[in-house]
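2 protein chains.
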Amino acid sequence: MTKHTPKARLYVTADLLAGRPVVPDREQQHYLINVMRLAAGDQVALFNGRDGEWHADIQMTGRKSCDLLPTDQTRQQVASPDLWLLFAPVKKARLDFIAQKASEMGCSRIWPVRTDYCQVARVNDDRIMANAIEAAEQTERLDIAEIMPFTPLDEALAAMESDRRLIFCDEALAGSDSAGAIATLSAAAPLQRAAVLIGPEGGFSPAERHRLDGHENCLKLSLGPRILRADTAAIAALTCYQSVCGDWVG
Amino acid sequence: MTKHTPKARLYVTADLLAGRPVVPDREQQHYLINVMRLAAGDQVALFNGRDGEWHADIQMTGRKSCDLLPTDQTRQQVASPDLWLLFAPVKKARLDFIAQKASEMGCSRIWPVRTDYCQVARVNDDRIMANAIEAAEQTERLDIAEIMPFTPLDEALAAMESDRRLIFCDEALAGSDSAGAIATLSAAAPLQRAAVLIGPEGGFSPAERHRLDGHENCLKLSLGPRILRADTAAIAALTCYQSVCGDWVG
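Chains as they are written, first to last, in the working numbering: chain U, 219 to 468; chain L, 219 to 468.
Extracted from the complex, chain U is given alone in its bound form (with noise of 0.2 Å):
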């Protein structure tokens, strides 16, 4: 069988079984035949979250519509890292961009939480989604972050199973001679279950601080000298989880 290199990456809900076809959505198609301009034969990469990533010949269906034909695994399923970011939600692009980030640096699950100091009343949720879809089809993930409903920060914390460490990125550690992250961490590891949280620009409230402060399994974490956008937080945060506790460890 020749290899090819596929044309595009789609994450699709069917199952994925050699010789069953797969019907893409009408954006997908859309995308497949106008944007891409692929045709009959053409081979795309798919995957579901639960079967591995397969590569599929492109059958066409119609003039501007095609079907999918799984032809042969290329990689097993493997799970993701058991994961979370917990975030006071920011304005749209940035939010978009946490989204991303986050798909991207293998988080299991999206959460975003309200915060005392959070400026953002609603989120949509089906624009996360599509935002952490996109972003896993371009990183080679093989599955999708679930992706929470926006939620008080206290139930969030209530939710947490107690075996999973809380690991808080406060910003009142910058400048602070507090251990290294990658040492805080290190200390710390394994940590089987995690869940990243980073405030919203101007920090957690009084409150909120004394709550985390208390909360039973919180790991505080510094990341370094200098305040950090919510956004550069979250992505450095992950990096110091993945390279220490998750599947960055060689």
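By construction, these hints were calculated from the structure, which means they are not laboratory data. Hints should not be assumed to be uniformly reliable.
Identical chains blur together in the list; that is why a pair holds if it fits in one copy or across any two.
Unchecked claim - Lysine to aspartate or glutamate pairs mimicking DMTMM-like chemistry, simulated, CA-CA at most 25 Å apart: (1) K310 <-> E355; (2) K438 <-> E379; (3) K225 <-> E426; (4) K438 <-> D395; (5) K310 <-> D269; (6) K310 <-> E373; (7) K310 <-> E352; (8) K438 <-> E358; (9) K309 <-> E426; (10) K225 <-> E389; (11) K282 <-> E355; (12) K438 <-> D260; (13) K310 <-> D334; (14) K225 <-> E419; (15) K438 <-> D465; (16) K309 <-> E358; (17) K225 <-> D334.
Everything numeric in this text was worked out from a predicted model, so none of it was measured.
Knowing the structure of chain U, use the given hints to seat chain L on it.
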């Protein structure tokens, strides 16, 4: 002396000395008076990359003009790590973003380089500088990264001092069994001078890879099993460097 929290933080080029007024530029005056609505007696923070950070009082010199009177030095100057970011520039919004993030992450030099697969023909240095300054003001940095003109990769590599480690973030290592980024950097530490190199979408050409493999001071870094976008890779690589070799070390 009563300390107030400064209402704004500005980069200026003038020397900072107690009692010697600094005249902010027109845009800064507009920002202070019209945007932030500050008035006589309000305090701002100033830095110039040489004299640490100072608090300064606003003195109105007209209805829409002011100068700033430094009163006391609040932080001593510290040097940023000698850490360059070389990157193949990308589309406008993402370029702004990389400049901001490199500044937040404490790079001493930001250097757009032309690679074989780079899609961008020209780079607006002033725009990179404006983004780097704005991020430095917000991130509590005491200096501004040096912005280099858009340069062919070969010339930038040739201009590197022999003791500057080239940290080549090789997307071809994604999913390989190579050592993790933290282990790689820990084994190479201490690195007094480094340059992180991030490729364009599509990576490096075979000729460039050959050249980079032969670079005498090259350290290949794996950023985990997923393919990261250039901007994510830049933040992730800079996080790893700062955490192991830079100023995030506690």
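Evaluated hints:
1. For a Cα distance limit of 25 Å, the shortest separation of K310 from E355 qualifies both inside one copy, at 21 Å, and across copies, at 23 Å.
2. When the C-alpha separation of K438 and E379 is checked against a cutoff of 25 Å, the pair qualifies only within one copy, where the shortest distance is 18 Å, while the shortest distance between copies is 38 Å.
3. With identical chains, the CA atoms of K225 and E426 are at most 25 Å apart between copies only, with a shortest distance of 24 Å across copies and 48 Å within one.
4. Taking the closest pair of Cα atoms, K438 and D395 come within 25 Å of each other only inside a single copy of the chain (13 Å); across copies the shortest separation is 31 Å, beyond that limit.
5. Taking the shortest Cα distances, K310 and D269 never come within 25 Å of each other, neither inside one copy (33 Å) nor across copies (38 Å).
6. Taking CA atoms no more than 25 Å apart as the test, K310 paired with E373 passes inside one copy only; the shortest distance there is 23 Å, against 39 Å between copies.
7. For a Cα distance limit of 25 Å, the shortest separation of K310 from E352 qualifies both inside one copy, at 16 Å, and across copies, at 20 Å.
8. Within a single copy, K438 and E358 get their C-alpha atoms only as close as 31 Å, which misses the 25 Å cut-off; across copies the closest is 21 Å, which meets it.
9. Taking identical chains as interchangeable, the C-alpha atoms of K309 and E426 lie at most 25 Å apart only when both belong to the same chain, with a minimum of 22 Å there against 39 Å between chains.
10. In this homomeric assembly, K225 and E389 come within 25 Å of each other (Cα to Cα) only across copies, at 18 Å, whereas the closest approach inside a single copy is 43 Å.
11. Taking the closest pair of Cα atoms, K282 and E355 come within 25 Å of each other only inside a single copy of the chain (23 Å); across copies the shortest separation is 52 Å, beyond that limit.
12. In this assembly of identical chains, the alpha carbons of K438 and D260 never lie at most 25 Å apart, being 50 Å within a copy and 34 Å across copies at closest.
13. In this assembly of identical chains, K310 and D334 lie within 25 Å of each other by CA distance solely inside one copy; the values are 19 Å within and 34 Å between copies.
14. In the homo-oligomer, the alpha carbons of K225 and E419 lie at most 25 Å apart only across protomers (15 Å), although the nearest pairing inside one protomer, at 40 Å, exceeds that limit.
15. With identical chains, the CA atoms of K438 and D465 are at most 25 Å apart both within one copy (21 Å) and between copies (18 Å).
16. Proximity of K309 to E358 under the C-alpha cut-off of 25 Å is restricted to the inter-copy arrangement: shortest distance 22 Å between copies versus 27 Å within a copy.
17. Taking CA atoms no more than 25 Å apart as the test, K225 paired with D334 passes between copies only; the shortest distance there is 21 Å, against 46 Å inside one copy.
Hints 5, 12 from the list above are not met by this structure, while the remaining hints are.
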